[in-house]
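There are 4 protein chains.
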Amino acid sequence: MFEVPLKRGRKFLNTPGPTNVPERVRNAMARATMDLSDPEFLNASESCFDDLKSVFKTEGECIIYIANGHGAWEAAIANCLSPGDTVLVPETGNFSNSWADMTESMQVNCRTVMGDWREPTSPEAIGQALADDKNHEIKAVLLVHTDTATSITCDVPAVREAMNRAKHPALLMVDTIASLGTVDYQMDAWGADVTVGASQKGLMCPPGLGLVAINDKAKAAVKASTMPRRYWDWDTRLMTQHYRRYCGTAPQLAIFGLRESLDMLFEEGLENVFTRHRILAEATHKAVDVWAQAGGIELNARDPKTRSVGVTTILTMDPDFDASQVSVMCRDEMMVALGGGLGKLNGKAFRIGHMGDVNAPMMYGALGAVEATLSYLGIPYTPGGVTAAIEHIAEFKKSAGHSTF
Amino acid sequence: MFEVPLKRGRKFLNTPGPTNVPERVRNAMARATMDLSDPEFLNASESCFDDLKSVFKTEGECIIYIANGHGAWEAAIANCLSPGDTVLVPETGNFSNSWADMTESMQVNCRTVMGDWREPTSPEAIGQALADDKNHEIKAVLLVHTDTATSITCDVPAVREAMNRAKHPALLMVDTIASLGTVDYQMDAWGADVTVGASQKGLMCPPGLGLVAINDKAKAAVKASTMPRRYWDWDTRLMTQHYRRYCGTAPQLAIFGLRESLDMLFEEGLENVFTRHRILAEATHKAVDVWAQAGGIELNARDPKTRSVGVTTILTMDPDFDASQVSVMCRDEMMVALGGGLGKLNGKAFRIGHMGDVNAPMMYGALGAVEATLSYLGIPYTPGGVTAAIEHIAEFKKSAGHSTF
Amino acid sequence: MFEVPLKRGRKFLNTPGPTNVPERVRNAMARATMDLSDPEFLNASESCFDDLKSVFKTEGECIIYIANGHGAWEAAIANCLSPGDTVLVPETGNFSNSWADMTESMQVNCRTVMGDWREPTSPEAIGQALADDKNHEIKAVLLVHTDTATSITCDVPAVREAMNRAKHPALLMVDTIASLGTVDYQMDAWGADVTVGASQKGLMCPPGLGLVAINDKAKAAVKASTMPRRYWDWDTRLMTQHYRRYCGTAPQLAIFGLRESLDMLFEEGLENVFTRHRILAEATHKAVDVWAQAGGIELNARDPKTRSVGVTTILTMDPDFDASQVSVMCRDEMMVALGGGLGKLNGKAFRIGHMGDVNAPMMYGALGAVEATLSYLGIPYTPGGVTAAIEHIAEFKKSAGHSTF
Amino acid sequence: MFEVPLKRGRKFLNTPGPTNVPERVRNAMARATMDLSDPEFLNASESCFDDLKSVFKTEGECIIYIANGHGAWEAAIANCLSPGDTVLVPETGNFSNSWADMTESMQVNCRTVMGDWREPTSPEAIGQALADDKNHEIKAVLLVHTDTATSITCDVPAVREAMNRAKHPALLMVDTIASLGTVDYQMDAWGADVTVGASQKGLMCPPGLGLVAINDKAKAAVKASTMPRRYWDWDTRLMTQHYRRYCGTAPQLAIFGLRESLDMLFEEGLENVFTRHRILAEATHKAVDVWAQAGGIELNARDPKTRSVGVTTILTMDPDFDASQVSVMCRDEMMVALGGGLGKLNGKAFRIGHMGDVNAPMMYGALGAVEATLSYLGIPYTPGGVTAAIEHIAEFKKSAGHSTF
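Protein chains in written order, with this note's numbering: chain A, 1 to 405; chain B, 1 to 405; chain C, 1 to 405; chain D, 1 to 405.
Looking at chain A on its own, in the form it has when it is part of the complex:
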């Protein structure tokens, strides 16, 4: 929009990924590279494969790719499906659509259960689509747990129940890229067969690792797949040699970073991590609700129960206003990076990330910058959003005694 002048002080990162990398993770990665067979590396690597299971809450297998979340998406497709297969994609927002788009590039057909981007796709509609699939052409349901474009988190157990009710054998594949490590996710208990994740959101690492967790049903599906693959191939990835597990050279420093972030998650306790995210998200919603009283903006997710704990999508109400100004201005003038509107919300929304290594004053800073940006851009807003956030958090802390943020 304009030339960006030199700025001082720390940039705030409130995009919904990449998120802030904690000092401990950064330093864990700021080490010398080493022999790929160095026991120091092998021990770290081995333990990451093990401990990721506790994060996914599965007894299945975890696989770590040098890749981003899209790579992990492709891995799920490449291993469980064959060209010509069909999958069902409940529309949750831009990311369900992107996964479907990728799936079609892999020569797999997609059927979509339409959604309106302000509510989760109805489990009933999903169940109906499966019930209608008498011949069981649908091989998998591709479900995005939290779609960061809409900031809606869907109800995975309800979808699983709908699948069960339809007595449909399709695999349930869940994308938790934007939810893992921010909100409870129980792969085994909830009946997911494949779960996809990534390093740069709730796991507080730099981008660069794609994650997949699979159960026995998913492993069996590999045998039936005719998709050409090696890099993504689970059979070789599940071998014992680390050179095989990474299909070549391991992402050594990234693994030391992941090791540190897992330690941090376990030290804090996953339940505390989830509570921290929930309270900070609620505080953000309180702030937006105050600002919204003037009619210029509105939370995208209608039902509070469906709102993501990691990111909040806010609609701008003036149809003639280009909402992309908000994130550009906030980043270039206020030192806080937000997310913009994606897909059909492009130019109509902005997004505040509050996931990963984040605490209360970091959110006050980000919300303060948003309030200043609303003022700066002349968007109608009621002042006092940050005050509402502060009071919500102060109330929680009073009631909870100590907290982790």
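Incorrect hints may have been included.
Note that the list lumps identical chains together, so a pair holds whenever it fits in one copy or between two copies.
Derived lysine-lysine pairs resembling BS3-like cross-links, with alpha carbons at most 30 Å apart [to be verified]:
#, residue 1, residue 2
1, K223, K53
2, K7, K305
3, K53, K217
4, K348, K398
5, K7, K53
6, K398, K286
7, K7, K398
8, K11, K286
These are calculated hints, taken from the structure and not from any lab test.
Fit chains B, C and D to the known structure of chain A by using the hints.
Just chains B, C and D now, kept in the frame of chain A:
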């Protein structure tokens, strides 16, 4: 106060020193140590001695000690004074008192011009004390530019003028530890003979370097001094060999950090640095003024013109309340470190630092945490302080176009 | 082999990848993550795509994958070939075999031109295999420039000439993972259509980036390919949006590392980089030749002209001796990590890496540890290898005046 | 000597301080600054004061100055002596002379027991000087344990015994700046009253911390001292408040570095640390002995029992040759920094450091560069020095089983 639980996210550092070390400075120091005669080091060192002059605004000489600000204080005493000498110390708060205390340990007598800690010491009273010193027993005036205990910045040119009017030959020694790099300071134009500084405040470096700038009059004073000294001695410190300049092994990594921080100051432009500090200080004052409407707290510095741009001292009004709770609670529960009350303000005040590598959202975060702490501790306050700060900064940015924060 | 005790001092990394990451690259990566659309990142990224062309010496396009070298291999296959196609693979050692193995997993047939692992595959034999392919079933020749298992560098222009002589339309795909940035490679001038590389060898970055350079003929091949793909797909990777170029979230910190390593390569000058590698390699060969006089070991590559400048494979002559002891002992007891024998050289060879950010005393250290290991393990050797290396380098420096190592 | 071209690979640091800072120490310091009263800092600081006692092997008190070793020297003088006092300084080389020079600047008289720089000062001569001091004018003996200029380590217990035999009440002050953490030093058992140290040698930290350990007799001496002082003053330094212990702002990041280095020393085990230094020193001596056969150079320390384990001084025999060329050339052309000749050895010697975080291949690298420099400069030498070093270390490892280097 209580056991501190594990916390997540970035700790906010709003003490008035040490301040936040920018990533660039940290990385400049995260390098391999090297031969003390390595040209890479010698060039960095040489240029620091030169460029510090632009920060002090002097044509005199700069000296860099491996020490803290107290060390630089002692250097000023050890070089310009002799046991049995007398100095005049205008009371500005806890730090003028500490400097006087150190001076007496050096066997130099101190006369104090009393102050009330809420206004700068009167230049008239200083002038009178000098006029009363007919025999010119007073060898130096020891003036603290910004006393971080009271957060009052005094008027150096006015003190110089009072000295001139009294036609008194005393040296003017100014402590700019808490002001250098945050607000304009013009050593030569203002007539200071010795200026003392340190690395860990406006200069954005870790603690570990004490700085002194001296003019010819100060250099001449060394010849008359009988104080035993070598480590602090300016004569050897002004030699050309770097081994002499540091009186032994140089603080190599700290110098690379200082080099980077000087680059950052010059890139931003000192005037922009000062404006940034001023606006963030004003925003802090606006926030406190809102909170103060309920009568529970009050700004210590009565006259807005005398308020430090780097730190704000806030009095708690309830005489039965232990104000040290504020900084402890804010740090342990809200993730924001504040300063406590010092000297006679111990238990009666807390302090918010806003100096060095700081920007608007960092201040919203800190102020939000303070507001939450007031709520948490039940101190009467009017909500909306952060809102006032946001509006002040947004107005500035609207009027200024681009800013550096 | 045995429990590894605590060790002090710097571990030497003389595996042929990952190589030592220079301090500058490490610090370039030790920065805060940021918005994916932050101009600071986009500028770094854009310039990497451009500047990699100078490293590959091509006017074609460069693609950066979050992946390792195996991922880049798969990208070459997935874009230019279709299931059922056939390729020709000259056997250079373990890595040609691995690439072939991956190719077959992608449902592409491999014909191998056999090699003996101590000489490069004969260009004549390659030409003959192509001439025999009257129907042009072979769609591509997959050539490993430097096979780190054998430490032999093959003559790419000679292979290209053999293809031309056979008037065969196959694509020439060259793996430069272990050679790029260590020895001259001229993609366009030598007639390669696809070149594969990776970050963790001559480019001095941590593992995590796979690189591909392609010309127009390769781009055209994508249109004909029926291979299911998206993550690897060149059509989307060549779009202008960086989100497309990385197929999702960019490997932000790794890109800042690559940016720094490219700056370092250009500052030193590629020709100087190549000379440095050559002299250090020759010094290594001199050392081995001295040790080998006792008959216990031998250089694998018979012809000095074919020896890699980045890694040296050394055979142990006693058929009953398990050569894997050498690298284990050298790493665990001597603090220097070597490579082991791979494929059919497993247990029969060890490898000394000398690529990337390496200089003369680093090699003296590594060679000294190898000499000590030969002594420790009782392998017959003639002492004085390091002396020979020192003399070779001293002679070069005397003749060259200044050098870059 | 000439313009230094760009160099690649890691610079070797073989000066006798500063020494290599291990990755762990560097990362311990690459952390955010924090509130001076943050429990995380206070705990680290407290434990450093405690654990330093185990390094000095004393039950006395330890004091940590923001200063270098010269600062710690001055602290010893300023606390235990008064202007007009007299001390005895056994001449060990340049550093005994420098300490004496500083002492005289502090208005204390020095009597020197002359030494020839190639043998330790004779304990008998020291005893005689004390016996001659019938009136006990000598208040302290200032003894340098290892003088890095001569690389001679003196026999502290023998000096103590000479003092005892003379029944002289002088304090024994020992400078262990260059020996602490490299060789056994037992402050209490050996009867030292004051010990001086620094961070940047055996303690593997960057320069910036001066250390002093004192016993009750030294504490008592403070009461009698009339030296003006505050920064160095032990009475205030021994208070409980950390703000007092550091006389102002603490060197926060340096303390975290020291904490890590102490952990590393204790993990390795002090006895192992000493053995490691001894073997590497012996290997260096072996190398020099081989080179010296050609008559161009010679070890300075005649008696092997007196040779420092941390640094080796080597004389050049040609009186017309300027030995400073060796260290300049080795640093600028061979990437290895050595020490030059100091004091009367200026231009006549060079020094190889082997202290701190150092291991065998690091020494092979340094020695290889020295051998290449001898060749480059045309200094007569017998090749094979590195070979001798390798063999010495290999023999040790064979006999010792596992070692820590």
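Within, between, both or neither, where K7 and K398 count as close if Cα-Cα is 30 Å or less: Between. Shortest inter-copy distance 16 Å satisfies the 30 Å Cα cut-off; intra-copy 36 Å does not.
Is it within a copy, between copies, both, or neither that the alpha carbon of K53 lies no farther than 30 Å from that of K217? Only inside one copy: K53 and K217 sit 16 Å apart there, 45 Å across copies, limit 30 Å.
Intra/inter-copy verdict for K223 and K53 if alpha-carbon distance must be at most 30 Å: within (23 Å within a copy, 41 Å between copies)
One pair to classify: K398 and K286, alpha carbons no more than 30 Å apart. Within, between, both, or neither? Classified as both: same-chain Cα gap 18 Å, cross-chain 26 Å, threshold 30 Å.
Quick one: K7 to K53, C-alpha cut-off 30 Å, is that within a copy, between copies, both, or neither? Cα proximity of K7 and K53: across copies only (24 Å, versus 42 Å in one copy).
When Cα atoms must be at most 30 Å apart, do K348 and K398 count as within-copy, between-copy, both, or neither? Answer is between; shortest inter-copy Cα gap is 23 Å, intra-copy 37 Å.
At most 30 Å between CA atoms: does that hold for K7 and K305 within a copy, between copies, both, or neither? Answer is between; shortest inter-copy Cα gap is 26 Å, intra-copy 38 Å.
Using 30 Å as the alpha carbon limit, work out where K11 and K286 are close: within a copy, between copies, both or neither. Both. Shortest intra-copy (24 Å) and inter-copy (24 Å) distances satisfy the 30 Å Cα cut-off.
Checked against the numbered hints given earlier, the structure satisfies every one of them.
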